[in-house]
Amino acid sequence: MSARRGGTPGLLFLALVSAAALVVAVSVGASPLGLRDLASVFAGGSDPASRAILVDVRLARVLLAATVGAALASAGAAYQAVLRNPLADPFILGVSGGAALGATVFVALSPASAIGSPLGRPLAAFAGAAATLVVLFGLARFRGRTATTALLLTGVVLNAFDSAIIQFFVTAGDPARFQGTLAYLMGSLTSPPWGALASVAVLTAIGIAVLAAGAHTLNLLSLGAEEAGQLGVAVERTTWVIVLAASLVTAAAVAFTGIVGFIGLIVPHAMRAAFGPDHRVLLPACALAGAATVALADAAARTLVAPVELPVGVITAVIGGPFFLILLLRRLRES
Amino acid sequence: MSAPALGFSGVTFGYGRTPVLSGLDLTIDRGEIVGLLGPNGAGKTTCVRLASGAVAAVSGRVDLFGDDVATLGARERARRVAVVPQETHPVFEFTVSEIVRMGRAPHLGFLGLEGPKDRELAHGAMRRCAIDHLADRSFRALSGGEHQRVLLARALTQGTPLLLLDEPTAFLDIKHRLVAYDVLVRLRDDAGPAIVIVSHDVNLAARYCDRLVLMRAGAIVASGAPEDVLTRAAIGEAYDVNVQIGADPATGRPFVIPLSPR
Chain H
9 MSARRGGTPG
19 LLFLALVSAA
29 ALVVAVSVGA
39 SPLGLRDLAS
49 VFAGGSDPAS
59 RAILVDVRLA
69 RVLLAATVGA
79 ALASAGAAYQ
89 AVLRNPLADP
99 FILGVSGGAA
109 LGATVFVALS
119 PASAIGSPLG
129 RPLAAFAGAA
139 ATLVVLFGLA
149 RFRGRTATTA
159 LLLTGVVLNA
169 FDSAIIQFFV
179 TAGDPARFQG
189 TLAYLMGSLT
199 SPPWGALASV
209 AVLTAIGIAV
219 LAAGAHTLNL
229 LSLGAEEAGQ
239 LGVAVERTTW
249 VIVLAASLVT
259 AAAVAFTGIV
269 GFIGLIVPHA
279 MRAAFGPDHR
289 VLLPACALAG
299 AATVALADAA
309 ARTLVAPVEL
319 PVGVITAVIG
329 GPFFLILLLR
339 RLRES
Chain P
19 MSAPALGFSG
29 VTFGYGRTPV
39 LSGLDLTIDR
49 GEIVGLLGPN
59 GAGKTTCVRL
69 ASGAVAAVSG
79 RVDLFGDDVA
89 TLGARERARR
99 VAVVPQETHP
109 VFEFTVSEIV
119 RMGRAPHLGF
129 LGLEGPKDRE
139 LAHGAMRRCA
149 IDHLADRSFR
159 ALSGGEHQRV
169 LLARALTQGT
179 PLLLLDEPTA
189 FLDIKHRLVA
199 YDVLVRLRDD
209 AGPAIVIVSH
219 DVNLAARYCD
229 RLVLMRAGAI
239 VASGAPEDVL
249 TRAAIGEAYD
259 VNVQIGADPA
269 TGRPFVIPLS
279 PR
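Chains as they are written, first to last, in my numbering: chain H, 9 to 343; chain P, 19 to 280.
Each hint should be verified, as a subset may be incorrect.
Which chain P residues face chain H? A few, computed with CB under 7 Å, are given here [as the list claims (entries may be wrong)]:
1. 70
2. 72
3. 88
4. 92
5. 93
6. 96
7. 110
8. 120
9. 123
10. 124
11. 189
Derived list of chain H stretches under chain P, where covered just means 3 residues or more per stretch with a C-beta under 8 Å from a C-beta of chain P [what the hints assert, rightly or not]:
12. 162 to 175
13. 192 to 204
To be clear, the hints were calculated from the coordinates, so they are not data collected in a lab. Built from N, CA and C at the ideal position, the CB exists for glycine as well.
Make the full structure from the sequences, and use the hints.
What follows is the structure in structure tokens.
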């Protein structure tokens, strides 16, 4: 059986579909403003109130959702290749949890003057994610194929540990500081200040650019360290560069949103089924599809039980949980 | 200028506390086809791993075309030596053509994009190994023998002046064993790489190789032309078996008939 391969035309088509998904996501929400109002904003003929809602509230939020989705899906694809394990995902591995812990510690302990800085939370989240990686790779040690059970158990334990500390800070910390971060453990999107959005977008772009430049190397690393080395990859150094880049984008995604699970699992699997495993095509496909997926999931979270908003993490977990179990079952049956 | 393709001098290596090689000396000349023989655990695969930089010698020196392998970067190493491993287990559904094109990796630029020349080389290698009809099939869906032909094609695609093959014919049927050796001999005659074949098929190695190296317990028992290496005494000592030596009716080279374990 040969896998379907789309290549460049497929990516262009996916880009169009994703752009359409973002437009749809901007056009739905609590206030009755739709596609027509969106069109008149871009034509310059709308009143300031609906303009504010559509641009500062909805567009900013959809752009954050898209960035978070692109980041998590790309990071998932990268972890899966490097760990040679299709069940790896920033949430399941505990990297998202580590990032959330880093951001929480920053919110709790940073000087009041630094708390609002757009780079503070993402960089603290990156420190948390990097610390998680050291634990994870200390156990896995790059060598051979990481046993699925060891990896999953480590992720479970790290997640439990990180959640406990996060709960401690949120409960015992200054309530004023933690306003709006209550749903951190079940990631939720808000309309971000433009500064925060810009910092998340820039960090994500840097990380994805590094991953994209290493896309071909990811193909080789997915064959295993020894073979990758014999095909010319400086394995140890490259692996660190890739996992750090994946963790940077994870941290950027988590910093203002919290933990949105399973995107890094669902999207890469769907994209591999559509485009095949070549990361030179797979990574851009994951970024595009991840952006659309989280934007649509958040649109659903905003409208399903309106006027109440669900955390977007509820939607992704409800879909992602069963998806993960199916993959795990299939894998256990294979071995 | 004409340093040998591969040189081991005084190489010692072990996994943990188990010594595998102790003070091994071995030279492979350019353009030579050498069969590396010996019982399980003799250290043959370890030689392949040391020569390709997958593991580093504890002491002694491994040279690739005159340069210490430890000082070469991974990319430069992969431009000098290609390895055909016994097996590979991709976790994703790569096609045969994608696996073969990975052989171009050490020659690609920053973004790792292949050009028409890279694709042509990969296609040529698939034709040589008679797997071009499998190009779009999923690698994981193929048989062990087909895997070995794909890995051979990938090594040819790498275009190195030294090829190391670790039991490349273990899963092949009789016909494809002959095809694989023919491919290697023709490749050497065309492009002239040195080729080292780790094999348990003593008789095919005797037929096709210029030189045989017989190992046991991390040391070389005999090395030289097939006539000189495949003697009753040397085979007996290396493998702990009683054999009779006949002649290959096709080539007149020695032909080993195993009789009984010792």
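Checked hints:
no. : hint       : verdict
1   : 70         : holds (5 Å)
2   : 72         : holds (5 Å)
3   : 88         : violated (13 Å)
4   : 92         : holds (4 Å)
5   : 93         : holds (4 Å)
6   : 96         : holds (3 Å)
7   : 110        : holds (3 Å)
8   : 120        : holds (6 Å)
9   : 123        : holds (5 Å)
10  : 124        : holds (3 Å)
11  : 189        : violated (17 Å)
12  : 162 to 175 : violated (count 0)
13  : 192 to 204 : violated (count 0)
Checked against the numbered hints above, the structure breaks hints 3, 11, 12 and 13 and satisfies the rest.
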